Amino acid sequence: MALSRSFGRRAMLALVAACTLVACVRAEDPYITVASTTSTEQSGLFGHLLPQFSKASGIQVRVVALGTGQALDLARRGDADVVFVHDPAAEQKFLDEGHGVQRHDVMYNDFVLIGPKDDAAKVAGSKDILEALRKIRDAQAAFVSRGDKSGTHAAELRYWNAAGVDLDAARGPWYRDTGSGMGPALNTAASMNAYVLADRATWLSFKNRRALQIVVEGDKRLFNQYGVMLVNPAKHPQVKQQAGQKFLDWVMSTAGQQAIAGYRIDGQQLFFPNATKP
Amino acid sequence: MQEISQAIAAAAALVGSGDSKLVAIMLLSLRVSLCAVLLSALIGLPLGAALAIGRFAGRQTLTVILNAFMGLPPVVVGLFVYLMLSRAGPLGQFGLLFTPTAMVIAQVVLITPIIAALARQIVADAWQDYAEQLKSLGAGFTQSVRTLIWDTRFSLLTVLLAGFGRAVAEVGAVMIVGGNIDGVTRVMTTAIALETSRGDLPLALALGLILIALVLLLNTCAHLIRQTAQRRYG
Chain Z
1 MALSRSFGRR AMLALVAACT LVACVRAEDP YITVASTTST EQSGLFGHLL PQFSKASGIQ
61 VRVVALGTGQ ALDLARRGDA DVVFVHDPAA EQKFLDEGHG VQRHDVMYND FVLIGPKDDA
121 AKVAGSKDIL EALRKIRDAQ AAFVSRGDKS GTHAAELRYW NAAGVDLDAA RGPWYRDTGS
181 GMGPALNTAA SMNAYVLADR ATWLSFKNRR ALQIVVEGDK RLFNQYGVML VNPAKHPQVK
241 QQAGQKFLDW VMSTAGQQAI AGYRIDGQQL FFPNATKP
Chain U
1 MQEISQAIAA AAALVGSGDS KLVAIMLLSL RVSLCAVLLS ALIGLPLGAA LAIGRFAGRQ
61 TLTVILNAFM GLPPVVVGLF VYLMLSRAGP LGQFGLLFTP TAMVIAQVVL ITPIIAALAR
121 QIVADAWQDY AEQLKSLGAG FTQSVRTLIW DTRFSLLTVL LAGFGRAVAE VGAVMIVGGN
181 IDGVTRVMTT AIALETSRGD LPLALALGLI LIALVLLLNT CAHLIRQTAQ RRYG
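Residue numbers (this note's numbering), protein chains in the order written: chain Z, 1 to 278; chain U, 1 to 234.
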């Protein structure tokens, strides 16, 4: 049966081809995996920062961008070497559980309250985020929540709490829990003229604004601290400790801190370095 | 509507510029999904044919399961493969998470049922016509499987194209197991999702148009090959 023999040969050929395709990845430079947040990746900061680090160290950085909660969970499973996130409370919990070592402040920016131009809750121009949230609740104005355990979501819940609003009681059709990333949440807010809490970096790099604008900014409480940690090699033995340490050292060094300060969109600085260790 | 004309212009500009990053993303999309189709074909075609011809206990159950698994939710497959490949998972030691190989695995899980289920139907129909003949020739089980796959190869090509279409258009699974890492695991669909979340809808749509054009091109090639082959071998 010539036909089936040629079929067998073809199958073998296909198998070889498939294996070649799968295996043919280029010889790889050393790399580390960083679990980080969508704000740092989507704002373009990493695109600006990481090539400088790679050039200085010869180490490539692979960034997986998720919400802070998800990024920490990823690291809890040992799937990242370094975490670069913005929810100090969740980071402390991560450290207490023994998953991380050496948490350092690295930079900050701020949250801003975004809202529609017609401003149904009359909060525009205010500097008091808590008062603004209370007004939104009173006016039952549409508000989009991330609802995804991200750093921004955690901050939003903190502000509601501080404003004395019991979300479980106040929750109604006006409060839209979208369970989505910062970008998708902004897209949703843009299409339904809703208020939404955002980090300034994502807002500045966001293009589909429609009728949205910043309505509240400049409240000291809107401070947004980013921290960096090494995943604990004692708990997760495959963590690339040396390369990860090099990244931590660099990002907190003068060169790294200057690189962060040097990133701008339309002349506006997005992140402000504040590492304590030189 | 303005976005759509912007998108078409952006797509044309992107293709015209021959942007090397875009080319790399397109090639990775093709490489991952073609790999997945090849591997799925190697598993799915014999499996489907065996189910069509074989007479063994549990055959009906397996057929129903395969048919149902054609509708596997990509996110669930992604999550499952992630848990397998994660450092904390059973296959963690191989360090496959966030690599193109992980994406191939997820797509194989996703499209093997499609290929096997459709192949089963096609081969079962052919088996009705050829069963007598093959039996009279004394062909055994393996022999019959091979012959029927070969005889229905032109129909099976469509099955592979369906599998490829599902693989290359899929975003939920590759996003989770690949991580959408710039330059490593970013494919067309995850790039589209990324640009959508950055609010750059025209660029996202432009990438979408390019992906559709790519799939169209590949299907055209498959069609031409099939036509030529059919003319030569009947």
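Please keep in mind that the hints were generated in silico from the structure rather than gathered at the bench.
Nothing here was measured: the structure is a model prediction, and the numbers come from that model.
We put the beta carbon where it would ideally sit given N, CA and C, even for glycine.
Accuracy of the hints is not assured; some may be wrong.
Straight-line Cα separation of at most 20 Å, DMTMM-like style, residue types lysine to aspartate or glutamate; simulated pairs [what the hints assert, rightly or not]:
| # | chain 1 | residue 1 | chain 2 | residue 2 |
| --- | --- | --- | --- | --- |
| 1 | Z | K55 | Z | D29 |
| 2 | Z | K207 | U | D200 |
| 3 | Z | K207 | U | E132 |
| 4 | Z | K117 | Z | E217 |
| 5 | U | K21 | Z | D29 |
| 6 | Z | K149 | Z | D73 |
Pulled from the structure, derived: some chain Z residues nowhere near chain U, Cβ distances all over 10 Å [claimed, not checked]:
| # | residue |
| --- | --- |
| 7 | P30 |
| 8 | M192 |
| 9 | S205 |
| 10 | K220 |
| 11 | H236 |
Verification of the hints:
The straight-line distance between the Cα atoms of K55 (chain Z) and D29 (chain Z) is roughly 12 Å, inside the 20 Å bound, and the hint therefore holds. At roughly 5 Å between alpha-carbon atoms, K207 (chain Z) and D200 (chain U) fall within 20 Å of each other, so this suggested pair holds. Of the supplied pair hints, the one linking K207 (chain Z) and E132 (chain U) is violated, its CA atoms being roughly 66 Å apart against a limit of 20 Å. Note on K117 (chain Z) and E217 (chain Z): the hinted pairing holds, with a Cα-Cα distance of about 15 Å set against a maximum of 20 Å.
Distance check on the hinted pair: K21 (chain U) and D29 (chain Z) sit about 18 Å apart at the alpha-carbon level, within 20 Å; holds. Between K149 (chain Z) and D73 (chain Z), the direct Cα distance comes to roughly 11 Å. Compliance with the 20 Å bound is thereby established for this hinted pair. Non-interface status of P30 (chain Z) relative to chain U is upheld: no Cβ of that chain comes within 10 Å, the nearest being about 13 Å off. Taking the minimum C-beta to C-beta distance to chain U, about 15 Å, the non-interface status of M192 (chain Z) holds against the 10 Å cut.
A cut-off of 10 Å between C-beta atoms contradicts the statement that S205 (chain Z) is not in contact with chain U; the least separation is 6 Å. The beta carbon of K220 (chain Z) sits about 28 Å from the closest Cβ of chain U, which is more than 10 Å, so the claim that it is off the interface holds. Against the 10 Å criterion, H236 (chain Z) falls within the reach of chain U, whose nearest CB is about 6 Å from its own CB.
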